Amino acid sequence: MPKLKPEDLDRIAAKMKKTINLREGESRARVIVHMGTCGIAAGARTVMTALMEEIEKRDLKDVILTLSSCAGFCSREPMVTVEMKNEPPVKYVDLTPDKAKEILEKHVIGGNIVKEYALAVGSERVL
Amino acid sequence: MQRLHAMICTCTNCISNGALKIKNALEAEIVKQSLENDVLVVQTGASGLCVKGPILIVQPDGIFYQYIQEKDIPNLVQEHFLKGRPVKELMYVPEGKDIPIPKISDIPFFKDQRLIALRNRGIIDPESIDEYIANDGYKALAKVLTGMSPEDVIKEITDAGLRGRGGAGFPTGKKWDICRSQVLEKRKQSKNLRCYVICNADEGDPGAFMDRSIVEADPHSIIEGMCIGGYAMGATDGYIYLRIEYPLAIARMKTAIKLAKEYGLLGENIFGSDFSFDIEIFEGAGAFVCGEETSLIHSLEGIVPEPTQKPPFPAQSGLWGAPTNINNVETWANVPMIISWGAKWFSQIGTETSRGTKVFSLAGNVNNAGLVEVPMGITLREIVYDIGAGIPNNKKLKAVQTGGPSGGFIPARLLHLPVDYERLKEVGAIMGSGGMVVMDEDTCIVDIAKFFLTFTSDESCGKCSTCREGSITLIEILDKISNGEGEESDLDYLEELCIAIKDASMCGLGQTLPNPVLSTLRHFRDEFLDHIKHKKCPAGVCKPLVRYYINADKCTGCTLCGRECPADAISGMVKKPHEIDLNKCTKCGICVKVCKIGAAYSK
Numbered sequence: 500m501p502k503l504k505p506e507d508l509d510r511i512a513a514k515m516k517k518t519i520n521l522r523e524g525e526s527r528a529r530v531i532v533h534m535g536t537c538g539i540a541a542g543a544r545t546v547m548t549a550l551m552e553e554i555e556k557r558d559l560k561d562v563i564l565t566l567s568s569c570a571g572f573c574s575r576e577p578m579v580t581v582e583m584k585n586e587p588p589v590k591y592v593d594l595t596p597d598k599a600k601e602i603l604e605k606h607v608i609g610g611n612i613v614k615e616y617a618l619a620v621g622s623e624r625v626l
Numbered sequence: 022m023q024r025l026h027a028m029i030c031t032c033t034n035c036i037s038n039g040a041l042k043i044k045n046a047l048e049a050e051i052v053k054q055s056l057e058n059d060v061l062v063v064q065t066g067a068s069g070l071c072v073k074g075p076i077l078i079v080q081p082d083g084i085f086y087q088y089i090q091e092k093d094i095p096n097l098v099q100e101h102f103l104k105g106r107p108v109k110e111l112m113y114v115p116e117g118k119d120i121p122i123p124k125i126s127d128i129p130f131f132k133d134q135r136l137i138a139l140r141n142r143g144i145i146d147p148e149s150i151d152e153y154i155a156n157d158g159y160k161a162l163a164k165v166l167t168g169m170s171p172e173d174v175i176k177e178i179t180d181a182g183l184r185g186r187g188g189a190g191f192p193t194g195k196k197w198d199i200c201r202s203q204v205l206e207k208r209k210q211s212k213n214l215r216c217y218v219i220c221n222a223d224e225g226d227p228g229a230f231m232d233r234s235i236v237e238a239d240p241h242s243i244i245e246g247m248c249i250g251g252y253a254m255g256a257t258d259g260y261i262y263l264r265i266e267y268p269l270a271i272a273r274m275k276t277a278i279k280l281a282k283e284y285g286l287l288g289e290n291i292f293g294s295d296f297s298f299d300i301e302i303f304e305g306a307g308a309f310v311c312g313e314e315t316s317l318i319h320s321l322e323g324i325v326p327e328p329t330q331k332p333p334f335p336a337q338s339g340l341w342g343a344p345t346n347i348n349n350v351e352t353w354a355n356v357p358m359i360i361s362w363g364a365k366w367f368s369q370i371g372t373e374t375s376r377g378t379k380v381f382s383l384a385g386n387v388n389n390a391g392l393v394e395v396p397m398g399i400t401l402r403e404i405v406y407d408i409g410a411g412i413p414n415n416k417k418l419k420a421v422q423t424g425g426p427s428g429g430f431i432p433a434r435l436l437h438l439p440v441d442y443e444r445l446k447e448v449g450a451i452m453g454s455g456g457m458v459v460m461d462e463d464t465c466i467v468d469i470a471k472f473f474l475t476f477t478s479d480e481s482c483g484k485c486s487t488c489r490e491g492s493i494t495l496i497e498i499l500d501k502i503s504n505g506e507g508e509e510s511d512l513d514y515l516e517e518l519c520i521a522i523k524d525a526s527m528c529g530l531g532q533t534l535p536n537p538v539l540s541t542l543r544h545f546r547d548e549f550l551d552h553i554k555h556k557k558c559p560a561g562v563c564k565p566l567v568r569y570y571i572n573a574d575k576c577t578g579c580t581l582c583g584r585e586c587p588a589d590a591i592s593g594m595v596k597k598p599h600e601i602d603l604n605k606c607t608k609c610g611i612c613v614k615v616c617k618i619g620a621a622y623s624k
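Chains as they are written, first to last, in our numbering: chain L, 500 to 626; chain S, 22 to 624.
Hints in this document: simulated from the structure, not taken from any laboratory.
Predicted model, so just to flag it, every value in this text is computed and none were measured.
Just to be clear, a hint being listed does not mean it is correct.
As the list claims (entries may be wrong) - Calculated pairs, DMTMM-like style, for lysine to aspartate or glutamate (alpha carbon to alpha carbon, straight line, at most 25 Å):
id: 1; chain 1: S; residue 1: 554; chain 2: L; residue 2: 582
id: 2; chain 1: L; residue 1: 514; chain 2: S; residue 2: 513
id: 3; chain 1: L; residue 1: 502; chain 2: S; residue 2: 289
id: 4; chain 1: S; residue 1: 417; chain 2: L; residue 2: 597
id: 5; chain 1: L; residue 1: 590; chain 2: S; residue 2: 299
id: 6; chain 1: L; residue 1: 560; chain 2: S; residue 2: 151
id: 7; chain 1: L; residue 1: 502; chain 2: S; residue 2: 151
id: 8; chain 1: S; residue 1: 282; chain 2: L; residue 2: 506
id: 9; chain 1: L; residue 1: 504; chain 2: S; residue 2: 258
id: 10; chain 1: L; residue 1: 504; chain 2: S; residue 2: 59
id: 11; chain 1: L; residue 1: 516; chain 2: S; residue 2: 151
id: 12; chain 1: L; residue 1: 600; chain 2: S; residue 2: 301
id: 13; chain 1: S; residue 1: 160; chain 2: L; residue 2: 523
id: 14; chain 1: S; residue 1: 104; chain 2: L; residue 2: 506
id: 15; chain 1: S; residue 1: 160; chain 2: L; residue 2: 525
id: 16; chain 1: L; residue 1: 504; chain 2: S; residue 2: 82
id: 17; chain 1: L; residue 1: 516; chain 2: S; residue 2: 283
id: 18; chain 1: L; residue 1: 556; chain 2: S; residue 2: 289
id: 19; chain 1: S; residue 1: 275; chain 2: L; residue 2: 597
id: 20; chain 1: L; residue 1: 514; chain 2: S; residue 2: 258
id: 21; chain 1: S; residue 1: 124; chain 2: L; residue 2: 561
id: 22; chain 1: S; residue 1: 104; chain 2: L; residue 2: 507
id: 23; chain 1: L; residue 1: 514; chain 2: S; residue 2: 59
id: 24; chain 1: L; residue 1: 590; chain 2: S; residue 2: 82
id: 25; chain 1: S; residue 1: 104; chain 2: L; residue 2: 597
id: 26; chain 1: S; residue 1: 124; chain 2: L; residue 2: 593
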């Protein structure tokens, strides 16, 4: 192991940034895959795996991928909710791994909602 | 790259409650559900809410699980990790409520704390140096070695107003400055003079575990702090005096030193500079007196750990006669943050004379016992009732004891007291290293003063007669009082003896051992007088003074107490009031415990 120079600290920190962001819950975007029994049966795990691979491949450090349970619209699963920072959440329905990758590219990275897959903007009111 | 991190607390407390077994079960279940690419299991240091352990925190959503058991794991992994439904039954429920709080950031215990020394607790794996670096670790050291003179560093620490977190609260910048000037002076004569910095991790107060927790959760913060201090004072070597009763802390610190050496953060020419510095661990045998500077140094030298007269101070002639600086674990852990964020930032936290935060181990009769870091100046009420969530079983608070066996008792009526070095001293207590024991109405003041004195008396090295014999005599008098044989003149004698011990003992152990007696005499004199004049122990702890009775008006004659009494001291017919034979009664208190209608009582 070569001795560290001061600038190496930033290199290591950059490499680890995603880990730390995830621990602190800090992100520019949260992508939530709905993984209820209905979602899993409809293929949510393949959507989740595709998103994980794509985030890894593109080396996105400021995107948190997480999961939630059934969103209540079981017939349109697999569903994904995209929450961009300071923007209302967007729900996508009837997804496949390829559609999920497209959403990642156009919405999460590009900032444009993919209207043909989107169900609605916003979430239910809670309480 | 995993999408979910399961942060399992592997501090000593949680491990003793089965955290390692749970970690294995977690990993096995994750494999079973084919989630190994989705979920990463991370071991962390103490999260702080130790009484609720074993604890698991799930990120990125920050879900806090408590009292985890091995059998909970399959359901937890399937429900939460696979299906995204956090398990309500394992979440924190506030005292007296029934709706759980899922997120750690919403739990009052965590939300009211401010973390500087414990900044990385529960966030990083203490055995990963990269994770420490990812959270700005070793950046302060790089800043110091690439652009600050030793004088700049000392000025920064002085301006920050950091004071020693080990007990006495001596200004750290000043301590470093004295040591540095000694080194410069002496190097004029011998150029290769060595200088040592030591981390005092010989934490010995009963019920205190602040230092252990910092070492277990974030060992690199101490290494970095010591490197910065070493550079400022011109030191060549560092020692961490870590007690052998802390095997996990020792193991984690060893790993941390090894990793730091591999990265060249310890050793020759750190970050390519002229500064070379190395750290070694010294495993102390666990004698309380070794927390005292001169004793600690003698222990390191391999001779009998007895204190010696100061001056000469360690800065003048310390380890093997060389200039030496000793700081406590928490002090060292604060240093990198002050360098990174600046003296101005640090000095804005806390009060006029006490800057920054303080870590306390909150223990005793309090719902949320654990490790808390709070800004100086916070009131005791906030610590006990907001963070600590009050006293269990709706009991009344009697006193808060701070500073361990060298500290004092603060009565409940002074709960509004802001916690800083000066305020605590004014009421006869001390900050100490951060032990905070909460005591409810069932605590007898005479008894608890005796408890602390028994501890210090055991731990006295025996060098000074005032400490060695004085502590024994104090215990004898307290014994006499709790046996109901005390006289009023005993109180004056206690006071006089305490002052003599304070004045005539050489080291901090002897000088502070009378504090539990002095502060209880000051705030709870009435309770001493109850024992002496009225031969009563209001808390019902001092057995010789307690009498058990059965209220004949209430007793229904159910015969339960009579059947349970191990001494056969209770007699009475069915459906007739029972009676206790005081000559036979052994004062075990079982009758009070079993009586369903509260007819049996003590006074």
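These are the hints, each one checked on the structure:
For the suggested pair residue 554(S) and residue 582(L), the alpha carbons sit about 71 Å apart, so the restraint of at most 25 Å is broken. Between residue 514(L) and residue 513(S) the CA atoms are separated by roughly 67 Å; this puts the pair beyond 25 Å, and the hint is violated. For the proposed pair residue 502(L) and residue 289(S), the alpha carbon gap of about 10 Å is at most 25 Å, so the pair holds. With a C-alpha separation of about 63 Å, the suggested pair residue 417(S) and residue 597(L) falls outside the 25 Å cut-off, and the hint is violated.
Among the hinted pairs, residue 590(L) with residue 299(S) is inconsistent with the structure: their alpha-carbon atoms are about 56 Å apart, more than 25 Å. With a C-alpha separation of about 16 Å, the suggested pair residue 560(L) and residue 151(S) falls inside the 25 Å cut-off, and the hint holds. For a cut-off of 25 Å, the pair hint linking residue 502(L) to residue 151(S) stands: about 14 Å separates their Cα positions. For the hint pairing residue 282(S) with residue 506(L), the CA-to-CA distance comes to about 17 Å; that is within 25 Å, so the pair holds.
Between residue 504(L) and residue 258(S) the alpha-carbon distance is near 21 Å, which keeps this suggested pair within the 25 Å criterion. The suggested pairing of residue 504(L) with residue 59(S) is violated, with an alpha-carbon distance near 34 Å, which exceeds 25 Å. Annotation: proposed proximity of residue 516(L) to residue 151(S) holds, straight-line Cα distance about 10 Å (limit 25 Å). Of the supplied pair hints, the one linking residue 600(L) and residue 301(S) is violated, its CA atoms being roughly 51 Å apart against a limit of 25 Å.
Distance check on the hinted pair: residue 160(S) and residue 523(L) sit about 20 Å apart at the alpha-carbon level, within 25 Å; holds. In summary, the hint linking residue 104(S) to residue 506(L) is not supported, as the alpha carbons are separated by about 42 Å, beyond the 25 Å threshold. For the hint pairing residue 160(S) with residue 525(L), the CA-to-CA distance comes to about 21 Å; that is within 25 Å, so the pair holds. For the hint pairing residue 504(L) with residue 82(S), the CA-to-CA distance comes to about 35 Å; that exceeds 25 Å, so the pair is violated.
For the hint pairing residue 516(L) with residue 283(S), the CA-to-CA distance comes to about 22 Å; that is within 25 Å, so the pair holds. Restraint check for residue 556(L) and residue 289(S): not satisfied, since their Cα atoms lie roughly 39 Å apart, outside the 25 Å limit. For the hint pairing residue 275(S) with residue 597(L), the CA-to-CA distance comes to about 48 Å; that exceeds 25 Å, so the pair is violated. Restraint check for residue 514(L) and residue 258(S): the C-alpha separation of about 32 Å exceeds 25 Å, so the hint is violated.
Taking the CA atoms of residue 124(S) and residue 561(L), the gap is about 21 Å. The hint holds against a cut of 25 Å. The suggested pairing of residue 104(S) with residue 507(L) is violated, with an alpha-carbon distance near 39 Å, which exceeds 25 Å. For the given pair, residue 514(L) sits about 19 Å from residue 59(S) by alpha-carbon distance, which is consistent with the 25 Å threshold. For the proposed pair residue 590(L) and residue 82(S), the alpha carbon gap of about 19 Å is at most 25 Å, so the pair holds.
Annotation: proposed proximity of residue 104(S) to residue 597(L) holds, straight-line Cα distance about 22 Å (limit 25 Å). For a cut-off of 25 Å, the pair hint linking residue 124(S) to residue 593(L) is broken: about 30 Å separates their Cα positions.
Consistency note: the structure conflicts with the earlier hints numbered 1, 2, 4, 5, 10, 12, 14, 16, 18, 19, 20, 22, 26.
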